[in-house]
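Trainee: Take the given structure of chain Y and dock chain C to it, following the hints.
Number of protein chains: 2
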Amino acid sequence: MKFFKNIKKSRSASDEIFYTQIKKMIGFTPKDLSIYKQAFTHTSLQLKDDKGHPLNFERLEYLGDAMLGSIVASYLYNEVPDANEGYLTQMRSKIVSREHLNELGKDLDLLQYLISRTSKSKIGNNIHGNLFEALVGAIYLDRGFNYCSKFINKKVLSIYVDIEKLEGKITSYKGLLIEWSQKNKRNVNFEVYEDTGNQNVKHFSVKLFVDKKVISKGRATSKKRAEEMAAKRAYYVFQSEIEMLL
Amino acid sequence: MKFFKNIKKSRSASDEIFYTQIKKMIGFTPKDLSIYKQAFTHTSLQLKDDKGHPLNFERLEYLGDAMLGSIVASYLYNEVPDANEGYLTQMRSKIVSREHLNELGKDLDLLQYLISRTSKSKIGNNIHGNLFEALVGAIYLDRGFNYCSKFINKKVLSIYVDIEKLEGKITSYKGLLIEWSQKNKRNVNFEVYEDTGNQNVKHFSVKLFVDKKVISKGRATSKKRAEEMAAKRAYYVFQSEIEMLL
Numbered sequence: 001m002k003f004f005k006n007i008k009k010s011r012s013a014s015d016e017i018f019y020t021q022i023k024k025m026i027g028f029t030p031k032d033l034s035i036y037k038q039a040f041t042h043t044s045l046q047l048k049d050d051k052g053h054p055l056n057f058e059r060l061e062y063l064g065d066a067m068l069g070s071i072v073a074s075y076l077y078n079e080v081p082d083a084n085e086g087y088l089t090q091m092r093s094k095i096v097s098r099e100h101l102n103e104l105g106k107d108l109d110l111l112q113y114l115i116s117r118t119s120k121s122k123i124g125n126n127i128h129g130n131l132f133e134a135l136v137g138a139i140y141l142d143r144g145f146n147y148c149s150k151f152i153n154k155k156v157l158s159i160y161v162d163i164e165k166l167e168g169k170i171t172s173y174k175g176l177l178i179e180w181s182q183k184n185k186r187n188v189n190f191e192v193y194e195d196t197g198n199q200n201v202k203h204f205s206v207k208l209f210v211d212k213k214v215i216s217k218g219r220a221t222s223k224k225r226a227e228e229m230a231a232k233r234a235y236y237v238f239q240s241e242i243e244m245l246l
Numbered sequence: 001m002k003f004f005k006n007i008k009k010s011r012s013a014s015d016e017i018f019y020t021q022i023k024k025m026i027g028f029t030p031k032d033l034s035i036y037k038q039a040f041t042h043t044s045l046q047l048k049d050d051k052g053h054p055l056n057f058e059r060l061e062y063l064g065d066a067m068l069g070s071i072v073a074s075y076l077y078n079e080v081p082d083a084n085e086g087y088l089t090q091m092r093s094k095i096v097s098r099e100h101l102n103e104l105g106k107d108l109d110l111l112q113y114l115i116s117r118t119s120k121s122k123i124g125n126n127i128h129g130n131l132f133e134a135l136v137g138a139i140y141l142d143r144g145f146n147y148c149s150k151f152i153n154k155k156v157l158s159i160y161v162d163i164e165k166l167e168g169k170i171t172s173y174k175g176l177l178i179e180w181s182q183k184n185k186r187n188v189n190f191e192v193y194e195d196t197g198n199q200n201v202k203h204f205s206v207k208l209f210v211d212k213k214v215i216s217k218g219r220a221t222s223k224k225r226a227e228e229m230a231a232k233r234a235y236y237v238f239q240s241e242i243e244m245l246l
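Residue numbers (the working numbering), protein chains in the order written: chain Y, 1 to 246; chain C, 1 to 246.
If we strip away everything but chain Y, and leave its shape as in the complex, we get (with noise of 0.2 Å):
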């Protein structure tokens, strides 16, 4: 026992640092910590490993883009039954487009943990999409395809992805949630306020209140997102009331 505490003990302390925030991130224990430093290490650093392999983030975002594509097909498969074939293929390209990738690699702010030779603002918008996958593909690697399914199901899809909204039968819930108040003469109010914390990307947060109660939050890197993730828990308060107006 003592034996396996003090290799615990050895961790250098931003390693320490570093295994707390990606714990944290992805809602359990990483268990070798070098492969999730390997998700965050840019080309321009020109690693290698013992072996001479280049040590950077690419062979492990082609890794998380395939596994990415797999637990989201998994995930509309059994979230939307009647769907066919085509409909599924619409939706699974969506939800992987670079664009949506970029957003949640934000979210995530991921940016903060990659070590680069090449300036951070010079890498392009690319680079939050990618590290995202790149993470996954660590997660993949680290504790095998049901913990990185368990980690995009609970961690993206739950909170940021949206079929109905996919689908374009909801394209706000903001509007949606007003429309409903002023019908139902009830107020509703969003506060919001700039929470970056010690992150390098700026972030928001917005605090939801119907009748000046507090019903939802929501946290993003826009305040357009940050509200409509708080409209669309709020909608899910309010839902049979507010599916009167679909």
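It is possible that some hints are incorrect.
One copy or any two copies: either way a pair holds, since identical chains are not told apart in the list.
[Unchecked claim] Think about it this way: if two alpha-carbon atoms lie no more than 27 Å apart in a straight line, the pair counts; the simulated DSS-like pairs of lysine-lysine are:
1) K51 / K169
2) K23 / K150
3) K202 / K23
4) K51 / K165
5) K150 / K31
6) K120 / K224
7) K37 / K51
In case anyone wonders, no lab produced these hints; they're calculated from the structure.
Mentor: Relative to the frame of chain Y, chain C by itself:
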């Protein structure tokens, strides 16, 4: 116990045969046979389940396609540790190409299980690959990712996929083996016979002899493919000698 035995016994005679065939093909026990039945149900039957959802292989094909993509990605990631993202993507495309999937479906003779209103001969060649994908989807749904991966690795990738050949390093194992035999004064012979059994698709079996001793066997839907399969297996027997030719 008697209760469960009775349940087991209650499977019909045709189900019993199907169960045994599937079990042999996938290499482990199917749990929910109805999923595999769905994987071999053609749209032309226009069946629906008790919730009114279409009951045919199309949704499973979608799921299987996605699973196949991630399992092949994971296989290549491990198998070719020095390959970059571009190489891995290209190799994966070759393995999961329509043409290759059709070959896999043919070699597993999946068409024999298809239940269809349309005549099988009128369905077109892609049915082989589509059924293969649907089978993969069924295995995933029934037994989960790890069993699905086991099936693809053991029954497909290790037998039918050849990285050296896909890379273009070796274009013909038969040719290579004959070249080696001539240089080393060994006598290589192929014995080919039709071995269709009670299957719908014509099959060929091959025995490969070196100096009148059976070294390996192959079986496939074309003579050439069966010979290559046997030659590849023989290649691994004499690999160290043959590699001196490369």
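Trainee: A separate judgement is required for each hint: does it hold in the structure or not?
Mentor: Comparing the hints with the structure gives:
1. K51 / K169: between (52 Å within a copy, 23 Å between copies)
2. K23 / K150: within (13 Å within a copy, 29 Å between copies)
3. K202 / K23: Close inside one copy (22 Å), not across copies (55 Å); limit 27 Å.
4. K51 / K165: between (47 Å within a copy, 25 Å between copies)
5. K150 / K31: Answer is both: 16 Å inside a copy and 23 Å across each meet the 27 Å cutoff.
6. K120 / K224: The answer is within: 25 Å in one copy meets 27 Å, while 54 Å across copies does not.
7. K37 / K51: Within. Shortest intra-copy distance 17 Å satisfies the 27 Å Cα cut-off; inter-copy 47 Å does not.
In the structure shown, no violation is registered for any of the earlier numbered hints.
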